[in-house]
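Student: So you can see what is in the structure, the chains are spelled out below.
Protein chains: 2
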Amino acid sequence: MFKEKLREKQQLVEKELHRILDIDEKPEIIYEAMRYSVFAGGKRLRPVLCLSSCELLGGDIKKALPVACAIELIHTYSLIHDDLPAMDNDDLRRGKPTNHKVYGEAIAILAGDGLLNLGYEVLVRHALEHPEDYERILKATNEIATASGCKGIIGGQVVDILSQNTELTYEELKFMHEHKTGALIEASVCAGAYIAGATEEEIHALREYARLIGFAFQIKDDILDVIGEEEKLGKKVGSDKEKGKFTFVNIFGLEKSQEMVVELTQNAIKILDRFGEKAEFLKELSNYLIERVN
Amino acid sequence: MFKEKLREKQQLVEKELHRILDIDEKPEIIYEAMRYSVFAGGKRLRPVLCLSSCELLGGDIKKALPVACAIELIHTYSLIHDDLPAMDNDDLRRGKPTNHKVYGEAIAILAGDGLLNLGYEVLVRHALEHPEDYERILKATNEIATASGCKGIIGGQVVDILSQNTELTYEELKFMHEHKTGALIEASVCAGAYIAGATEEEIHALREYARLIGFAFQIKDDILDVIGEEEKLGKKVGSDKEKGKFTFVNIFGLEKSQEMVVELTQNAIKILDRFGEKAEFLKELSNYLIERVN
Chain A
1 MFKEKLREKQ QLVEKELHRI LDIDEKPEII YEAMRYSVFA GGKRLRPVLC
51 LSSCELLGGD IKKALPVACA IELIHTYSLI HDDLPAMDND DLRRGKPTNH
101 KVYGEAIAIL AGDGLLNLGY EVLVRHALEH PEDYERILKA TNEIATASGC
151 KGIIGGQVVD ILSQNTELTY EELKFMHEHK TGALIEASVC AGAYIAGATE
201 EEIHALREYA RLIGFAFQIK DDILDVIGEE EKLGKKVGSD KEKGKFTFVN
251 IFGLEKSQEM VVELTQNAIK ILDRFGEKAE FLKELSNYLI ERVN
Chain B
1 MFKEKLREKQ QLVEKELHRI LDIDEKPEII YEAMRYSVFA GGKRLRPVLC
51 LSSCELLGGD IKKALPVACA IELIHTYSLI HDDLPAMDND DLRRGKPTNH
101 KVYGEAIAIL AGDGLLNLGY EVLVRHALEH PEDYERILKA TNEIATASGC
151 KGIIGGQVVD ILSQNTELTY EELKFMHEHK TGALIEASVC AGAYIAGATE
201 EEIHALREYA RLIGFAFQIK DDILDVIGEE EKLGKKVGSD KEKGKFTFVN
251 IFGLEKSQEM VVELTQNAIK ILDRFGEKAE FLKELSNYLI ERVN
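Order-wise, the sequence lines are chains A and B. Under my numbering, the first sequence has 95 at position 95, and the numbering climbs by one with no breaks. Under my numbering, the second sequence has 100 at position 100, and the numbering climbs by one with no breaks.
It cannot be assumed that every hint is accurate.
One copy or two, it doesn't matter: identical chains are merged, so the pair holds either way.
Unchecked claim - Under the rule of at most 25 Å between Cα atoms (straight-line distance), these lysine to any residue pairs were calculated in the SDA-like manner: (1) Lys243 to Pro85; (2) Lys3 to Leu272; (3) Lys151 to Asp24; (4) Lys256 to Thr181; (5) Lys139 to Leu128.
Calculated from the structure, these hints are not laboratory results.
Bound-form chain A, shown alone:
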């Protein structure tokens, strides 16, 4: 039942992403490169979170759909740029050659730029087309814009780049991940809530929920890099170590890290209790994130 609902949401996102990226213009190569990375097999976690928090508050998920897709476009841009030779220099992502390996560095940089910009194009047009909801959409866009900028993803990536082959303190590592990964997960949940017309109290509770699962998500990522199955991960196990990346497993060890993931998720789920039955899907999704294998 949960899996079915999850698949339903993922398919909604998939279809809308195809609609957005079905662009038959010149120069074709840039649209091809953008599609390559967007359709390289992502789990659509962020868009699903966005749709789910909208639904949780009784909102119309159709109105959250363009917002959810804009988030995925921005997330994909950040992956393309992270993989570049000047950054992490990754050859594989989700088991496939990275964007610059297929299209070259110049096009990969521009495909990333194009996806970031397209995310905003989608958001702005959505607001223009729905004047009755413009304030909700602008609040959602503001949330996403802050998370995508230097106070979010970009700031986190700068710290990541600067700290390679360095031992970090717990606070430094947390700062990095709260920015690099946590911020957009938080924005996904809050943006969906804004679309549903959330009160500031509801935003506050959902933001806290999102922070906890975002943190659990990152620790789980670090664990999978040590004990995951390469085939399912789509990349080499141990790649963090190879790249000189310091992780939560380095600080706490495997066992304690696994306990933390469970505890953070349980605390996150507790916050959802106030929303009653409607929170069922988001609760199951939170547990699903613990059990994931990639």
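Using the hints, position chain B against chain A.
Tutor: Positioned in the frame of chain A, the structure of chain B alone reads:
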């Protein structure tokens, strides 16, 4: 008198850009890198065009100021990414070392990303803070977003990259520049007009004006690359040829190119006649662009 008015507008933009970029947060290096390129001595042509077209229609230029600055942030991002080793591989821009020469490639890519994103942050916050003008601001933002994406700057840059060391037809060269440079000049003029509450007829006329000066601007750039003074240009004369770039001077020769700049500008100025006395500044600005030395 014209020069004074121009300086006034440039100073307004300068002050607002400083306000926007006066960010004292971690990681400091990313904000420093962003400021480095934004304050590397640009002429602020696009923001001035935006303020001027707003003023032309009797709008409040204070309301156009954040929009004008967002355009300059986005323009600066495009320059940083254009200069990267994977793109034009330029060491100098406006007589100073390019961003990646000072901060390294990774930070330069991220500083570009940060400026593009910051442009949207500024636009979205401006709309949220001025609910009475949200529709005008959203229309301006939509104009800018289209010009900055694959149908504008990014598409033009892709063609530029793909066509190095290739002879282009007039149509191909025009396509490239209309996207790479023309689109954002057009968006600057139209965005300012939208902020003033322009009618669709006014937008239509100003768009035509902007296309003509945008085209003249690019031909003038190509001419300066052949006969400019290096000190004033801030880069080597003949750098287009060195980089295997095909230009309008290649197609038409110097004399005909210079005639075209004058004719395009005269036609552009004629369009402004319908706006009466209020168009005086924009007319003088158009002539100023012909006479520029950098």
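Student: Does each hint hold? Answer for all of them.
Tutor: Evaluated hints:
Taking CA atoms no more than 25 Å apart as the test, lysine 243 paired with proline 85 passes in both settings, with 12 Å inside one copy and 23 Å between copies. In this assembly of identical chains, the alpha carbons of lysine 3 and leucine 272 lie at most 25 Å apart only when taken from the same copy (20 Å versus 61 Å across copies). With identical chains, the CA atoms of lysine 151 and aspartate 24 are at most 25 Å apart between copies only, with a shortest distance of 11 Å across copies and 35 Å within one. Taking the shortest alpha-carbon separations for lysine 256 and threonine 181, only the intra-copy value of 21 Å comes in at or below 25 Å, while the best inter-copy value is 55 Å.
In this assembly of identical chains, the alpha carbons of lysine 139 and leucine 128 lie at most 25 Å apart whether taken from the same copy (14 Å) or from different copies (7 Å).
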